[in-house]
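Protein chains in written order, with my numbering: chain A, 1 to 298; chain B, 299 to 596; chain C, 597 to 894; chain D, 895 to 1192.
If you are wondering where the hints come from, they were derived from the structure by calculation, not from laboratory data. One or more hints might be untrue.
Derived contacts from chain B toward chain D, CB cut-off under 10 Å, selection only [as the list claims (entries may be wrong)]:
| id | residue |
| --- | --- |
| 1 | Ile-417 |
| 2 | Ala-471 |
| 3 | Leu-537 |
| 4 | Ser-541 |
| 5 | Lys-542 |
Simulated coverage check for chain B against chain D, where a stretch passes if three residues somewhere in it have a Cβ under 8 Å from a Cβ of chain D [to be verified]:
| id | segment |
| --- | --- |
| 6 | 463 to 470 |
| 7 | 491 to 500 |
| 8 | 527 to 534 |
A virtual CB, placed ideally from N, CA and C, is assigned to each residue, including glycine.
There are 4 protein chains.
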Amino acid sequence: MDFSGIYPALTTPFAHDGSVSLTDLKHNIHKYNGTDLAGYVVNGSTGESILLSREEADGILATVKEAAAKEKKLIAGCGVEGTAETIARTKRAAELGYHAALVKNPYYYKPLYKPHALIAHYRAVADASPIPVLLYSVPVFTGLPLEASEVIALSEHPNIIGIKDSSGDVRRAAEIIAGTPASFQVFLGAATNIYPCLSMGIRGGILALASALPEKCTAVVQLYRAGQQEKARELHNILVGCSKLIVSETGIPGVKYVMDQRGYRGGLPRLPIQPLHEEQKKRLTALLGRLEPAAVRA
Amino acid sequence: MDFSGIYPALTTPFAHDGSVSLTDLKHNIHKYNGTDLAGYVVNGSTGESILLSREEADGILATVKEAAAKEKKLIAGCGVEGTAETIARTKRAAELGYHAALVKNPYYYKPLYKPHALIAHYRAVADASPIPVLLYSVPVFTGLPLEASEVIALSEHPNIIGIKDSSGDVRRAAEIIAGTPASFQVFLGAATNIYPCLSMGIRGGILALASALPEKCTAVVQLYRAGQQEKARELHNILVGCSKLIVSETGIPGVKYVMDQRGYRGGLPRLPIQPLHEEQKKRLTALLGRLEPAAVRA
Amino acid sequence: MDFSGIYPALTTPFAHDGSVSLTDLKHNIHKYNGTDLAGYVVNGSTGESILLSREEADGILATVKEAAAKEKKLIAGCGVEGTAETIARTKRAAELGYHAALVKNPYYYKPLYKPHALIAHYRAVADASPIPVLLYSVPVFTGLPLEASEVIALSEHPNIIGIKDSSGDVRRAAEIIAGTPASFQVFLGAATNIYPCLSMGIRGGILALASALPEKCTAVVQLYRAGQQEKARELHNILVGCSKLIVSETGIPGVKYVMDQRGYRGGLPRLPIQPLHEEQKKRLTALLGRLEPAAVRA
Amino acid sequence: MDFSGIYPALTTPFAHDGSVSLTDLKHNIHKYNGTDLAGYVVNGSTGESILLSREEADGILATVKEAAAKEKKLIAGCGVEGTAETIARTKRAAELGYHAALVKNPYYYKPLYKPHALIAHYRAVADASPIPVLLYSVPVFTGLPLEASEVIALSEHPNIIGIKDSSGDVRRAAEIIAGTPASFQVFLGAATNIYPCLSMGIRGGILALASALPEKCTAVVQLYRAGQQEKARELHNILVGCSKLIVSETGIPGVKYVMDQRGYRGGLPRLPIQPLHEEQKKRLTALLGRLEPAAVRA
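With the rest of the complex left out, here is chain A (with noise of 0.2 Å):
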């Protein structure tokens, strides 16, 4: 199965109440299905997976599956520390009919996970998960990065068949790509370096900007592979100043509050992530201002 393409990192919609609300979830899934993503990535960092339980992360799973509309993409975010409590995620993402399963290395116990340690569990992950796993490494969050060389012993599992690295280290992209086979998928994680990478051969994104502007971030792939460069370059260039303000300095509430003013329902964050300031939301609307000036008048 080719994964090619661009999907959103989901974020999860939060009530008044504090609870996970699937109805503002399933509005922006019936949104989304609208536009040229390729699929969803449910239960990933953006998400605030670590912030829900295990009931909450289930009743997620099945919400985004029945909303999706029929050709895209699912893939269930299953990666928690414990190599069984992984392995029971893939299985559940599995009967819930998704079709990979996004697997964040472990990292708490840092010193202690050699390279051995890290494949022994991949190894023990892939092994056992019904459906294919993709690695994923996120050392802004976890400290610890899957290197280039682990990727590489891994890639010939034949139920691991591409990682996320949202590294946003090109050369450690690059030295994957050139060292597993063609057929291994490499996404990234980090919008700035989409458009560049397209050129090595990687096949999409999972990113957070693509949850509050999709459009924009399917676009450049579409022109870049479209041979226009000129125009794929220009509009990389505006999303490197959006993803900055958006992902890099206000993170998952600034996702969430271009998403509120795009006609999703982004809503607040779960604490101990703090909403955002007034200062915060006058730059991320001004930003959104001159990016479309229409759609955030209407």
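Knowing the structure of chain A, use the given hints to seat chains B, C and D on it.
Quick look at chains B, C and D alone, frame taken from chain A:
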């Protein structure tokens, strides 16, 4: 309540089928009851708490409470990423009769956890917790230390009574001690730093090493307090080597292995933590042989 | 002046007695003159400039100037820790006929080099330098990267014409390109990132690898510009492996060893840089054998 | 030779025209001669040695030698990146009558400085140096600490007599002390850690803070050795705040500013180090006012 003294960061024993062995845990507590340990810290990092379900964690809390000698102080690890879930865990610990809650700072969404977010989190937890709160900073695992300025700000809260600082940074500990009231109780998490920092006014330590070598960890404090500096320093130098091999290099499986050699029930760690190599076991056995020839022979 | 193209970060050859061998240097330049390299970067990090006296550095500048073919652009590494000494070096480079000065940011007193200090330093240098200034950020050695916001602020100075960013962070390069005028010339220092970043609008690279494998480094740009993406990507993948072994793993002694194998005069590094182990030499020879069987045979 | 005691890492005074003021330097030494400082450390990091020419550095060495009281021990900063130049500097220091050479580890080519390279460098320097060598590790500036295992290996060399460890990592200092002979002299570079580490057996400190507040830095050691722990701890707590503001936050310009307030000749730093802001000066003046009201008034 004065918590002064040395505490083991308890390990969690697992049965052959991978489940938590409350029987082995009880065995260990009964044996520790005969030492000069001031009490027990349950469900901390050394307890593999991040690999336990909520039910398993509760079972462990109840078992330690039941098995502990009356004079032992009981501290429950309650810090998880979410504010609401952390509060829920402090309430459960209080119900079970624990004397204090050890609350690790949230750390996954590092770029979002600016000082005001961490401070808001801890204030909310301390406001709601029925038992006193000890802050807990362990950057070797979390990648996000609590800074002295944050700790000093939080020391004003009447229900925040101290900190376990496992950063290993004595400069930070010195700044915390110099900037907080004398009633604020500072504990360290690195065995190597206990002896020198006693002169600065720390209350004691919460140590993985004290699960393996409780008598030696308590003796260094007793010698210091008895004015036997020469002997204290000699023992300290021995503990430096023990801490390096048992805690820094072999970690949780190393602590458990030494426990097994000394009549406790250590056992294997839970995956993805790997068991020790034979070579590591040999080095640990050799260290023990130098440390207490008779004990190993027996 | 448009500096577009690929430049070698020249190595410095030493004679058997440890002195700089200007004869060997001339030999290398004459051989490089026959390639498509755009020019030469002298006294950079790869040139062991930090191990050279001021007199040695001046002798090297004069020799390269004399030996270089007329069409080659000449860039002199001038950045040292002090502002005054850096200015003196730009003046000397100008006198000797260099076209631009590459100025590494000061980095020793890291905690003191807040953005305003770095900006003041560069403005003073650019005000006084008779030749245009290229900023130079190389955190693998300095531990202190130039941030995008600093570079964007400095791009307004009429005598600061671009940057060599060796941070390897494509996100930062993208932010610099998006935030500076089109006339600001961005070069990268990591061979691995040249090919993908051409699509973003970088002007080229200043590469240690181009001292060892100049033809391959220039060919990837030529293939890209000729629209031969498939071949460009293939060559890029080969260079990824070369860069990893020759630059990241064996470093300056590795670059020099490959030069020796290919008819250049590499020689030994200056102490405290150690010569290669035999095992490293074998790996480099094997890589070259796969890369250009005929050349190694000859 | 036993170097026990507190040393100032001397600052370098500059005249209005930016040249080194040997007159001001003499003034400072004469004033320091009246204190309990054990001696002087010349051309260290605090001396802005990296911003000095070789001639300036030699002039400073000669001046301090001439001005120092006879009983003061003299230690010359000799460590530069190159092995040969470092050796040349130890010889010059010996000629000028210095008692020991403080040799910072090379650090620019970090990835090349594996343990065996650092050990080979130090052995070559110690073999050739006419005076005893003190290792010097200062990762806040170099980004490359000397590890305990390297120091322990080097402690076997008869001409390597100790270390100044400015890493601030007490665990590392403890491992060094536990792993080296009792004759190996360990000094720390962080004022905050002196008091607690006296109990571990350190010999003293080489401190930027001792240039500004020599009496307070020596008094804490004297109180400790006199058994007045309560007073020692009280003074230590005061020094923690001083070190934070004067050394960590305002750095060299802060040290110099306090010197100016206390009858020494501090003056301005050399560019690119920026002078203090007015707000920083106010905070320093306020600190001094709390510290020694009479002195500031006078």
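Quick one: which hint numbers does this structure break? Sort them smallest to largest. 1
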